[in-house]
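Colleague: Based on these hints, arrange chain B on the given structure of chain A.
Protein chains: 2
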Amino acid sequence: MEYPSPSPHWGDGEDAGFWAFDIQLTEKNLVEYTGVTKKELDFIRSIVDPERVSTGESVLDLHSKDESFHPRRKPDVVVWPLSAVEISQILKLADAKRIPVTPWGAGTSLEGNPIPVKAGIVLDLQQMNHILELRAEDLQVRIEAGVIYKELNQHLSRFGLFFPPDPGASATIGGMVGNNASGVRTIKYGATKDFVLSMVVVLPSGEIIRVGTNAVKSSSGYDLCRLFVGSEGTLGVVTEVTLRLIGLPAEFMAAVVQFRSIREATDTVFQIMRSGLSPAALEFLDAPTVQVVNQFKKLSLEERPTLFIEFHGTSAAGLKEDLEMVKEICGENRPLRFDSGIGREERNRLWEARYGVHESIKASNPGLSPLVIDTAVPISKYSDMVEWGQKIVKEKGLQGYAFGHAGNGNLHMEIMGIPEEEVQWQKVQEAAEEIVHFALGCGGTATGEHGIGIGKRKFMKEEHGESLLLMKQIKKLVDPNGIMNPGKIFD
Amino acid sequence: MEYPSPSPHWGDGEDAGFWAFDIQLTEKNLVEYTGVTKKELDFIRSIVDPERVSTGESVLDLHSKDESFHPRRKPDVVVWPLSAVEISQILKLADAKRIPVTPWGAGTSLEGNPIPVKAGIVLDLQQMNHILELRAEDLQVRIEAGVIYKELNQHLSRFGLFFPPDPGASATIGGMVGNNASGVRTIKYGATKDFVLSMVVVLPSGEIIRVGTNAVKSSSGYDLCRLFVGSEGTLGVVTEVTLRLIGLPAEFMAAVVQFRSIREATDTVFQIMRSGLSPAALEFLDAPTVQVVNQFKKLSLEERPTLFIEFHGTSAAGLKEDLEMVKEICGENRPLRFDSGIGREERNRLWEARYGVHESIKASNPGLSPLVIDTAVPISKYSDMVEWGQKIVKEKGLQGYAFGHAGNGNLHMEIMGIPEEEVQWQKVQEAAEEIVHFALGCGGTATGEHGIGIGKRKFMKEEHGESLLLMKQIKKLVDPNGIMNPGKIFD
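Sequence lines, in order, name chains A and B.
Per our numbering, the first sequence starts with residue 1, numbered consecutively.
Per our numbering, the second sequence starts with residue 492, numbered consecutively.
Next up, chain A with everything else stripped away, as it sits in the complex (with noise of 0.2 Å):
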């Protein structure tokens, strides 16, 4: 594959031009940044269509933030480009001048990660959104990194295909591979990194790379692919992705169980696993979280520890007797509800409910802002996640609604709190640092699926010890002025 050559050269003696006066300050490190200056900015409307570059409040203020509790912080511009080449011409830009670049997909991410927090250029891949290539008879899709992922699963669906990691909310491709995101169909299908083949990456310095291979296995070199996923823009913009695609299940069934007990709940999830089966959902909610989606997603369910079940396969008869052994294995647990007729009607408002529990929880605690766990531990040790987690946030206090990815061992904790409230927020932060304690001394992550960005930097040195400074290192070699994403996974 061919790319022009973007121009002019950013660095290059030859092309320096216009900034040639002020070369020098290659060296500028990114502390010294104080905004991009009027030049810069002009040079960026020679770049993209200046329709398309935005210094508005308005548009500052909406990529300021994410999902999350992190303090705002706006960018000094907001740039959609359109191509690759366009990408790299902004990139070489900010490497000689040290600017500080964050990728943006739909900021709908959970830990800061998107949040320009040195502020600089915001990226914004949303017009790079057209899927340019479906090969139905490889099951396989190429699409530009701004695509939605429902919006592909919804084309995709017409050819009987789909895409299975799923957020939940309306994420874009580019930063579900920034964050490696996963979410209820990863403990039968895998996270986005297990569908990445390859992609395109603009390296910080503006040179366009294609990582990976469209095989579906190789054993060809160093796994650049893997490297890039979920390294959350922190070492180039993915600007085009080709993903594996799975065909849509002919049959599915779920089933619904409610337990006296938490610990009764979890245990069930920790036999299934073991057992052999491979269920396509299995996700563990507490009462708190069933109340809060009975009021606000429209359920009736006792408000009771909860287990949602579900099983993809091409037969319908073997689905069956799947749900007879998950039917034996809950037996053993004292369920106080089993109801595996669920119709396609009932089941598709459970997992909507599913869906919204981040929502209903917000629209539950007005004035609240969540601080969200996303541990995940080896299987045998969720229970006792769950069970201390409970004990801490109670101890403490505190408010706390816990759900998760319980047949990956992942563990959502919403703990309720005001940010600016120093007293009861350093309460909230520290019941999470607990649980997050817990799960690394159980051989755990501190982030199953949300990324390190801002909130889970602290953690890193705990969980990933004289490692952290290889990854330090690669930063360093791929990103050596520190443009990309500062402030994110590293101090």
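Just so you know, these hints were derived from the structure itself, not from any lab.
Take the hints with a grain of salt, since some may be wrong.
Mimicking BS3-like on lysine-lysine, the simulated pairs with C-alpha atoms at most 30 Å apart in a straight line are [to be verified]:
| # | chain 1 | residue 1 | chain 2 | residue 2 |
| --- | --- | --- | --- | --- |
| 1 | A | Lys-475 | B | Lys-952 |
| 2 | B | Lys-818 | A | Lys-188 |
| 3 | A | Lys-472 | A | Lys-74 |
| 4 | B | Lys-952 | A | Lys-472 |
| 5 | B | Lys-818 | A | Lys-320 |
| 6 | B | Lys-967 | A | Lys-476 |
| 7 | B | Lys-556 | A | Lys-150 |
| 8 | A | Lys-472 | B | Lys-882 |
| 9 | A | Lys-472 | B | Lys-967 |
| 10 | A | Lys-188 | B | Lys-952 |
| 11 | A | Lys-458 | A | Lys-472 |
| 12 | B | Lys-565 | A | Lys-476 |
| 13 | A | Lys-476 | B | Lys-789 |
| 14 | B | Lys-966 | B | Lys-918 |
| 15 | B | Lys-565 | B | Lys-885 |
| 16 | A | Lys-458 | B | Lys-966 |
| 17 | A | Lys-475 | B | Lys-963 |
| 18 | A | Lys-188 | B | Lys-679 |
| 19 | A | Lys-458 | A | Lys-427 |
| 20 | B | Lys-885 | A | Lys-461 |
| 21 | A | Lys-320 | B | Lys-679 |
| 22 | A | Lys-327 | B | Lys-811 |
| 23 | A | Lys-188 | B | Lys-641 |
| 24 | B | Lys-788 | B | Lys-556 |
| 25 | A | Lys-475 | B | Lys-949 |
| 26 | B | Lys-967 | A | Lys-320 |
| 27 | A | Lys-475 | B | Lys-967 |
| 28 | A | Lys-472 | B | Lys-788 |
| 29 | A | Lys-118 | A | Lys-476 |
| 30 | B | Lys-818 | B | Lys-853 |
| 31 | B | Lys-853 | B | Lys-811 |
| 32 | B | Lys-966 | A | Lys-475 |
| 33 | B | Lys-811 | A | Lys-476 |
| 34 | B | Lys-679 | A | Lys-327 |
| 35 | B | Lys-963 | A | Lys-461 |
| 36 | A | Lys-461 | B | Lys-918 |
Since the model is a prediction, treat every value here as computed from it, not as a measurement.
Modeller: Chain B in isolation, oriented as in the chain A frame:
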């Protein structure tokens, strides 16, 4: 996790002691390396028990070759370390003295991956063969890198568990990690990379790091685990691996289908994959391959293009439905035979035959060596690739056997010749190159599972373009003196 600090610290003034006299040689280039000196050997013997250090000719000879045709090269010394700490001390020496180090698993690779082409030290990990911790309740096992995967699976079967990737030969887990091995079951379960949760790696500097997490999903920082998997020992020595496991399937069903033409067989593969079915194996064998396994593995199949198909699941009824669907799909391609009533014994004989293909081809062609093709392409191109390969081999008047993990688009073609007969081997090489070019032209890969090793280096630039430079930069970052398995992956 705390490791004792290895000593002496090579290249560290304080501890340099014995070697201080030529510490200035740290600038010495590998190219100048002339062999392990007696002093260096003595030092190695002070690190590890002298019984685990050998310069005996027969030992060196055993470590001079793998299963490929690539020229032998003896190391200077073979060391059997017992711990990461011993390896750390040896790497510190080697790094300071610019001694090549090649990690060794079982020597069963097919691309010269472990041949010590620059001599130096071979680290044979076969004595690090302990299953350290089976956490059946988490579907995880922590093992040393020298464990043979077949022995691991024997052990795991008692607990109803298994590690699915199966390259066939008696590979070690460390070797499988080295080139991201896969095999017949990868189509359903994934390759080695999909099962490695965390690892202990000794870096060329001697530093011991742990990468990854034991949670089954994570979005925490850069995916270093995936960077080391498939790096063929060029970035460090993997000493310990924690693997995710799968419950042994309760039910399996197998089928053998035979066709008039290759295209009818390979088109069937494509149609099965497109249907949404999830086979646990989908293997193709051409007529000459069937002929050699008939002869050496005591099968009595018609010598026709053949598919071996298997399904795994919890429900016999479900599997039966799956096979019915397969039968329907096959029907469109006029099979000569569709046999799905296969008992356990016959099924085991079929798989033994499939695993024995390479060996049977060699037995059938005494005096000849195979050049093994390992291309993989998007599935819709599989038929074309096989046809292209057959055409090229025929045109050049060569003997070729085509088979492979068809469901993954992975073709093995073994092209026979005598490496020492220059004119003929040139033809073999040209045929192989034409097949690889074809695969790369379809967006595929030069190697689906054997790794780059020596023989596929020439395709790296064509496959990876500008991203090859980033791979080389990462190599330089982690192994600045180029001591780790030199001459592999990169020229």
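Colleague: Against each hint, give a clear statement of whether it holds in the structure.
Modeller: Verification of the hints:
no. : hint                      : result
1   : Lys-475(A) <-> Lys-952(B) : holds (24 Å)
2   : Lys-818(B) <-> Lys-188(A) : holds (26 Å)
3   : Lys-472(A) <-> Lys-74(A)  : holds (26 Å)
4   : Lys-952(B) <-> Lys-472(A) : holds (27 Å)
5   : Lys-818(B) <-> Lys-320(A) : holds (23 Å)
6   : Lys-967(B) <-> Lys-476(A) : holds (13 Å)
7   : Lys-556(B) <-> Lys-150(A) : violated (52 Å)
8   : Lys-472(A) <-> Lys-882(B) : violated (50 Å)
9   : Lys-472(A) <-> Lys-967(B) : holds (15 Å)
10  : Lys-188(A) <-> Lys-952(B) : violated (36 Å)
11  : Lys-458(A) <-> Lys-472(A) : holds (15 Å)
12  : Lys-565(B) <-> Lys-476(A) : violated (38 Å)
13  : Lys-476(A) <-> Lys-789(B) : violated (58 Å)
14  : Lys-966(B) <-> Lys-918(B) : violated (33 Å)
15  : Lys-565(B) <-> Lys-885(B) : violated (36 Å)
16  : Lys-458(A) <-> Lys-966(B) : holds (29 Å)
17  : Lys-475(A) <-> Lys-963(B) : holds (15 Å)
18  : Lys-188(A) <-> Lys-679(B) : holds (11 Å)
19  : Lys-458(A) <-> Lys-427(A) : holds (16 Å)
20  : Lys-885(B) <-> Lys-461(A) : violated (58 Å)
21  : Lys-320(A) <-> Lys-679(B) : holds (21 Å)
22  : Lys-327(A) <-> Lys-811(B) : holds (23 Å)
23  : Lys-188(A) <-> Lys-641(B) : holds (26 Å)
24  : Lys-788(B) <-> Lys-556(B) : holds (26 Å)
25  : Lys-475(A) <-> Lys-949(B) : holds (29 Å)
26  : Lys-967(B) <-> Lys-320(A) : violated (55 Å)
27  : Lys-475(A) <-> Lys-967(B) : holds (14 Å)
28  : Lys-472(A) <-> Lys-788(B) : violated (53 Å)
29  : Lys-118(A) <-> Lys-476(A) : holds (18 Å)
30  : Lys-818(B) <-> Lys-853(B) : violated (34 Å)
31  : Lys-853(B) <-> Lys-811(B) : violated (37 Å)
32  : Lys-966(B) <-> Lys-475(A) : holds (14 Å)
33  : Lys-811(B) <-> Lys-476(A) : violated (55 Å)
34  : Lys-679(B) <-> Lys-327(A) : holds (26 Å)
35  : Lys-963(B) <-> Lys-461(A) : holds (27 Å)
36  : Lys-461(A) <-> Lys-918(B) : violated (54 Å)
Hints 7, 8, 10, 12, 13, 14, 15, 20, 26, 28, 30, 31, 33, 36 from the list above are not met by this structure, while the remaining hints are.
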